[in-house]
Amino acid sequence: MAWSDAFLKVLKDNDVRLVAYVPDNVLTPLIAGVTADNYFMPVCATREDEAIGTVAGAWMGGMKGVVMMQTSGFALIANALASLTVPSQIPTIMVISERGTLGEFNIGQALVARTMRPVLDSLGIAHHTLTDEATMPYIVDRSIKQAVTTQAPVAFILSPLLTGGNPAAQAKLAGK
Amino acid sequence: MSANLQRLNRADLTKRLVGKLKRDEAVVAGIGNTNFDLFAAGHRPQNFYMLGSMGLACPIAFGVALAQPERGVIALEGDGSILMSLGCLTTIATVRPRNLTIVIWDNGIYQITGKQATATGGVTDIVAVARGAGLANSEWVRDAEHFERLIDRRFDDGGPLLLAAKIDDKPGTAQTPRDPALIRNRFMKGLGTGRGGALDA
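In order, the protein sequence lines correspond to chains A and B.
Here our numbering is used: the first residue of the first sequence is 1, the next is one more, and so on.
Here our numbering is used: the first residue of the second sequence is 1, the next is one more, and so on.
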């Protein structure tokens, strides 16, 4: 099973239906899988903080959701996390494709990537870097359950070790 | 289009709106004076008062509307706040939740921070922006009686609808209790999604 299919299966197993996302190359198979499956309710947001607000509202209305974004998008949501979901005790589930590391070429992405874990740590948000398919389902399943029961956000960082990374960066590395 | 509109009062219009709510509609009110005046209109279990995250009242209300398609959901937002989040109008226009109503209180200023001018006080027409975003059902409120007619409807169908009212520069008329976890907890109880159980007795 592709990593993306395995990931979506865990979301389904945990009744996570709403998927609010801002597109990213690495997220493409996840978004395609969500769009192709009537179980999911995909919403393409214009900004990542908008997606955080939408998923927070859905949670309060009784529907579980997830926000999918890349690292630079995460840099836009510190205020939404610090002033909405964390103090309101809303278990926001975040999936962040890790860009700007392990062979990427865009210096802007490389710099913004370094802000991600310090922001998560300073807000006390649990985060897990997913590196291999074998442990991924266990980590995601258990951590979603913990987020919901403890009413706290959680972030899953999709490492290039899991996803293969940005196709454009891989092509550059291969000299193509 | 908006140049000759009557200046209305947010607290007065908010009271009129709350008075029309007969089906436990959810109301999500944006940061500052918008939620102060919702609180002043009389607390309801289905009210959510935003204490931070400026600009997210419409996305939050949109999320509630998606999760509870049978319930009418109303977002109240100021002009400064919606200018921060114009993109969400395009998302809402694309998904078209029929149970979502957006009300924009447009005083043309950032009232709470010292009355600095917003673009809607000058060149920007927020109803034209909303229509351009794809929210065809967007209207300026001409006067209080017009507002009463526009909200004399079921809020669980016929949307998405956006209403914008030119308002005066009066500040909010009450202070909302500042406890985000309590506000969220009570809102969920009001929506039937809380998990208080025996603790609610």
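Where hints are given, some of them may not hold.
Said to hold, decoys possible - Calculated lysine to any residue pairs in the SDA-like style (CA-CA distance at most 25 angstroms, straight line):
no.: 1; chain 1: A; residue 1: Lys-64; chain 2: B; residue 2: Lys-115
no.: 2; chain 1: A; residue 1: Lys-64; chain 2: B; residue 2: Pro-97
no.: 3; chain 1: B; residue 1: Lys-22; chain 2: A; residue 2: Ala-152
no.: 4; chain 1: A; residue 1: Lys-64; chain 2: B; residue 2: Leu-150
no.: 5; chain 1: A; residue 1: Lys-64; chain 2: B; residue 2: Leu-199
no.: 6; chain 1: A; residue 1: Lys-64; chain 2: B; residue 2: Pro-69
no.: 7; chain 1: B; residue 1: Lys-170; chain 2: A; residue 2: Ala-110
no.: 8; chain 1: B; residue 1: Lys-189; chain 2: A; residue 2: Ala-2
no.: 9; chain 1: A; residue 1: Lys-64; chain 2: B; residue 2: Val-127
no.: 10; chain 1: A; residue 1: Lys-12; chain 2: B; residue 2: Val-95
no.: 11; chain 1: B; residue 1: Lys-189; chain 2: A; residue 2: Ala-152
no.: 12; chain 1: A; residue 1: Lys-64; chain 2: B; residue 2: Asp-168
no.: 13; chain 1: A; residue 1: Lys-64; chain 2: A; residue 2: Ala-2
These are calculated hints, taken from the structure and not from any lab test.
A quick look at each hint next to the structure:
1. This hinted pair does not check out: Lys-64 (chain A) and Lys-115 (chain B) have alpha carbons roughly 39 angstroms apart, beyond 25 angstroms.
2. Under the criterion of a C-alpha separation no larger than 25 angstroms, the hint pairing Lys-64 (chain A) with Pro-97 (chain B) is consistent with the structure, at around 18 angstroms.
3. Between Lys-22 (chain B) and Ala-152 (chain A), the direct Cα distance comes to roughly 34 angstroms. Violation of the 25 angstroms bound is thereby established for this hinted pair.
4. At most 25 angstroms may separate the alpha-carbon atoms for a hinted pair to count; Lys-64 (chain A) and Leu-150 (chain B) exceed this at roughly 33 angstroms.
5. Proposed proximity of Lys-64 (chain A) and Leu-199 (chain B) is supported: the alpha carbons are some 23 angstroms apart, at most 25 angstroms.
6. This hinted pair checks out: Lys-64 (chain A) and Pro-69 (chain B) have alpha carbons roughly 15 angstroms apart, not beyond 25 angstroms.
7. For the hint linking Lys-170 (chain B) to Ala-110 (chain A), the alpha-carbon distance of about 47 angstroms lies beyond 25 angstroms, and the restraint is violated.
8. At most 25 angstroms may separate the alpha-carbon atoms for a hinted pair to count; Lys-189 (chain B) and Ala-2 (chain A) exceed this at roughly 40 angstroms.
9. The straight-line distance between the Cα atoms of Lys-64 (chain A) and Val-127 (chain B) is roughly 32 angstroms, outside the 25 angstroms bound, and the hint therefore fails.
10. As the CA atoms of Lys-12 (chain A) and Val-95 (chain B) are separated by approximately 22 angstroms, the hinted pair is consistent with the 25 angstroms bound.
11. For the hint pairing Lys-189 (chain B) with Ala-152 (chain A), the CA-to-CA distance comes to about 18 angstroms; that is within 25 angstroms, so the pair holds.
12. Using a Cα cut-off of 25 angstroms, the hinted pair Lys-64 (chain A) and Asp-168 (chain B) is violated, with the two alpha carbons roughly 39 angstroms apart.
13. About 24 angstroms separates the Cα atoms of Lys-64 (chain A) and Ala-2 (chain A), which keeps this hinted pair within 25 angstroms; it holds.
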